[in-house]
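**Q** Whenever a hint applies, use it, and build me the whole structure from the sequences.
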Amino acid sequence: MKLVKTKEENLEENYLELHYDQMDEETGAVLERLRDTLKYIEGTYEDKKVTVAVTDIFYFEAVDKKVFAYTKDMCVEIKEALRDLLEEYEKSGFVRISKSNVVNIYKIKKLQGDLNMRVIIYLKNDEKLVMNRSYKKDFYDKLAKIQGGKSK
Amino acid sequence: MKLINRKNFISIVCISFTVLVLVKLIWEKAIGLTDPRYTENIFISLGFSVLITVILAVHYYLQRFPFVPVFAGQYLLTVGLVLGGVWAIGHMVPLAPTAYRDMFISVTIPFVVCAIIYYAVFFHQIKKANAIIESLNEE
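Protein chains in written order, with the numbering used here: chain A, 1 to 152; chain B, 1001 to 1139.
Don't take every hint at face value.
Stated by the list, open to error - Using 25 Å as the maximum straight-line C-alpha spacing, the simulated PhoX-like pairs for lysine-lysine come out as follows:
| no. | chain 1 | residue 1 | chain 2 | residue 2 |
| --- | --- | --- | --- | --- |
| 1 | A | Lys7 | A | Lys39 |
| 2 | A | Lys142 | B | Lys1127 |
| 3 | B | Lys1127 | A | Lys145 |
| 4 | A | Lys65 | A | Lys136 |
| 5 | A | Lys109 | B | Lys1127 |
| 6 | A | Lys72 | A | Lys39 |
| 7 | A | Lys65 | A | Lys49 |
| 8 | A | Lys39 | A | Lys79 |
| 9 | A | Lys128 | B | Lys1127 |
| 10 | A | Lys72 | A | Lys110 |
| 11 | A | Lys39 | A | Lys49 |
| 12 | A | Lys110 | A | Lys145 |
| 13 | A | Lys2 | A | Lys145 |
| 14 | A | Lys137 | B | Lys1007 |
| 15 | A | Lys91 | B | Lys1128 |
| 16 | A | Lys145 | A | Lys124 |
| 17 | A | Lys109 | B | Lys1128 |
| 18 | B | Lys1128 | A | Lys110 |
| 19 | A | Lys99 | A | Lys110 |
| 20 | A | Lys65 | A | Lys99 |
| 21 | A | Lys136 | B | Lys1128 |
| 22 | A | Lys110 | A | Lys91 |
| 23 | A | Lys137 | B | Lys1127 |
| 24 | A | Lys128 | B | Lys1128 |
| 25 | A | Lys66 | A | Lys99 |
| 26 | B | Lys1127 | A | Lys110 |
| 27 | B | Lys1127 | A | Lys136 |
| 28 | B | Lys1128 | A | Lys137 |
| 29 | A | Lys109 | A | Lys91 |
| 30 | A | Lys91 | B | Lys1127 |
| 31 | B | Lys1128 | A | Lys145 |
| 32 | A | Lys124 | B | Lys1128 |
| 33 | A | Lys72 | A | Lys128 |
| 34 | A | Lys39 | A | Lys142 |
| 35 | B | Lys1127 | A | Lys124 |
| 36 | A | Lys142 | B | Lys1128 |
To be verified - Between beta-carbon pairs, the in silico distance windows are:
| no. | chain 1 | residue 1 | chain 2 | residue 2 | range |
| --- | --- | --- | --- | --- | --- |
| 37 | A | Asp141 | B | Met1092 | 42 to 52 Å |
| 38 | A | Leu86 | B | Lys1128 | 17 to 27 Å |
| 39 | B | Glu1138 | A | Glu77 | 28 to 38 Å |
| 40 | A | Val130 | B | Thr1034 | 50 to 60 Å |
Think of the hints as simulated: they come from the structure by calculation, not from any bench. This one's a predicted model, so the numbers in the text were calculated from it and none came from an experiment. We treat Cβ as the ideally placed atom computed from N, Cα and C, and that holds for glycine.
**A** Set out below in structure tokens:
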């Protein structure tokens, strides 16, 4: 399967177009992964209903029994439990890092360790989150899985 | 992941006890020493193996707390229990003049080695993860 990337000026919205004769295994797998990625989630922002692309979400946070999704410039309240969100969007790169946080791996800038064995996660929006030691293994496994998937 | 559980607890105690006794015997053979308190020291080794396995098993439940206080607390607890044990044994049999110092060293060395390995693995994992993150971000 060939990947052709074309830069177009003044495009209203980015789009993907698939050209195929027979839907082979490789193409099917790519489509399956895209389906997991191109998802949207509904929530409330400043008393208005909004729809956010899952890929725009940096992390989910549970605060006082409420769940919020953080994008670059919004904090959207979501009516779903953190556990359900994780189950639903795990394939989109979300992984649990503490009891109250689920982070999007694709939005991480870098990791840093401190002397207390805590992993500080620096996000691309310059926020930082702390990973609990008990979630470290799942996080690294997920990262390795994503890398494995990409290199195939 | 819970590495030490009810099913494998006894096996881990047995393995660590065997390793400890083997190291003790090899060391004694190497320096040509005959242990005058062989039986007592064998039981102390068993007690030490049980204690270390319990301490390691408990570590799993303390993962949500900061590492340094947990590790320091576990070390102090182990040293306290071991030296307390030596003190209790001292009431029944005569102790070697260096008994307290020897037991203190026997506890401290494994803890220091474990801490160094733990830190090395921790920072290596972060380095490896950062390389993956960097490659994901470059795509």
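**Q** Confirm or reject each hint.
**A** Each hint, compared with the structure:
Proposed proximity of A/Lys7 and A/Lys39 is supported: the alpha carbons are some 23 Å apart, at most 25 Å. Between A/Lys142 and B/Lys1127 the CA atoms are separated by roughly 16 Å; this keeps the pair inside 25 Å, and the hint holds. Distance restraint check for B/Lys1127 and A/Lys145: the Cα-Cα separation of roughly 17 Å lies within the 25 Å cut-off, and the hinted pair is therefore satisfied. Proposed proximity of A/Lys65 and A/Lys136 is supported: the alpha carbons are some 24 Å apart, at most 25 Å.
Proximity of A/Lys109 to B/Lys1127 is assessed by CA-CA distance (about 13 Å); at most 25 Å being required, the pair is judged to hold. As the CA atoms of A/Lys72 and A/Lys39 are separated by approximately 17 Å, the hinted pair is consistent with the 25 Å bound. Of the supplied pair hints, the one linking A/Lys65 and A/Lys49 holds, its CA atoms being roughly 20 Å apart against a limit of 25 Å. With a C-alpha separation of about 16 Å, the suggested pairing of A/Lys39 with A/Lys79 holds against the 25 Å cut-off.
Proposed proximity of A/Lys128 and B/Lys1127 is supported: the alpha carbons are some 18 Å apart, at most 25 Å. Taken as a hint, the A/Lys72 and A/Lys110 pair is honoured in the structure, with Cα atoms around 17 Å apart against an allowance of 25 Å. A threshold of 25 Å between alpha carbons decides the hint, and for A/Lys39 with A/Lys49 the separation of about 17 Å falls inside it, so the pair holds. With a CA separation close to 18 Å, the supplied pair A/Lys110 and A/Lys145 stays within the 25 Å bound.
Taking the CA atoms of A/Lys2 and A/Lys145, the gap is near 23 Å; set against the 25 Å cutoff, the hint holds. Between A/Lys137 and B/Lys1007 the CA atoms are separated by roughly 22 Å; this keeps the pair inside 25 Å, and the hint holds. Note on A/Lys91 and B/Lys1128: the hinted pairing holds, with a Cα-Cα distance of about 21 Å set against a maximum of 25 Å. The straight-line distance between the Cα atoms of A/Lys145 and A/Lys124 is roughly 21 Å, inside the 25 Å bound, and the hint therefore holds.
With a C-alpha separation of about 14 Å, the suggested pairing of A/Lys109 with B/Lys1128 holds against the 25 Å cut-off. Note on B/Lys1128 and A/Lys110: the hinted pairing holds, with a Cα-Cα distance of about 11 Å set against a maximum of 25 Å. For the given pair, A/Lys99 sits about 21 Å from A/Lys110 by alpha-carbon distance, which is consistent with the 25 Å threshold. Among the hinted pairs, A/Lys65 with A/Lys99 is consistent with the structure: their alpha-carbon atoms are about 12 Å apart, no more than 25 Å.
Annotation: proposed proximity of A/Lys136 to B/Lys1128 holds, straight-line Cα distance about 13 Å (limit 25 Å). In summary, the hint linking A/Lys110 to A/Lys91 is supported, as the alpha carbons are separated by about 21 Å, within the 25 Å threshold. In summary, the hint linking A/Lys137 to B/Lys1127 is supported, as the alpha carbons are separated by about 15 Å, within the 25 Å threshold. Between A/Lys128 and B/Lys1128 the CA atoms are separated by roughly 19 Å; this keeps the pair inside 25 Å, and the hint holds.
About 13 Å separates the Cα atoms of A/Lys66 and A/Lys99, which keeps this hinted pair within 25 Å; it holds. The straight-line distance between the Cα atoms of B/Lys1127 and A/Lys110 is roughly 10 Å, inside the 25 Å bound, and the hint therefore holds. Taking the CA atoms of B/Lys1127 and A/Lys136, the gap is about 14 Å. The hint holds against a cut of 25 Å. For the suggested pair B/Lys1128 and A/Lys137, the alpha carbons sit about 13 Å apart, so the restraint of at most 25 Å is met.
Taking the CA atoms of A/Lys109 and A/Lys91, the gap is about 19 Å. The hint holds against a cut of 25 Å. A distance of roughly 24 Å separates the Cα atoms of A/Lys91 and B/Lys1127; the hinted pair therefore holds under the 25 Å criterion. Under the criterion of a C-alpha separation no larger than 25 Å, the hint pairing B/Lys1128 with A/Lys145 is consistent with the structure, at around 13 Å. For the suggested pair A/Lys124 and B/Lys1128, the alpha carbons sit about 19 Å apart, so the restraint of at most 25 Å is met.
Distance hint between A/Lys72 and A/Lys128 is fulfilled; the C-alpha atoms sit about 13 Å from each other, no more than 25 Å. Distance check on the hinted pair: A/Lys39 and A/Lys142 sit about 20 Å apart at the alpha-carbon level, within 25 Å; holds. Taking the CA atoms of B/Lys1127 and A/Lys124, the gap is near 18 Å; set against the 25 Å cutoff, the hint holds. Only pairs whose Cα atoms come within 25 Å are accepted, and A/Lys142 paired with B/Lys1128 is accepted, the gap being roughly 13 Å.
A beta carbon spacing of about 50 Å between A/Asp141 and B/Met1092 agrees with the range 42 to 52 Å that was offered as a hint. The hinted range of 17 to 27 Å is satisfied by A/Leu86 and B/Lys1128, whose Cβ atoms lie roughly 24 Å apart. Distance hint check for B/Glu1138 and A/Glu77: the Cβ-Cβ separation is about 34 Å, which falls inside the suggested range of 28 to 38 Å. At roughly 54 Å, the beta-carbon separation of A/Val130 and B/Thr1034 lies within the given 50 to 60 Å, and the hint holds.
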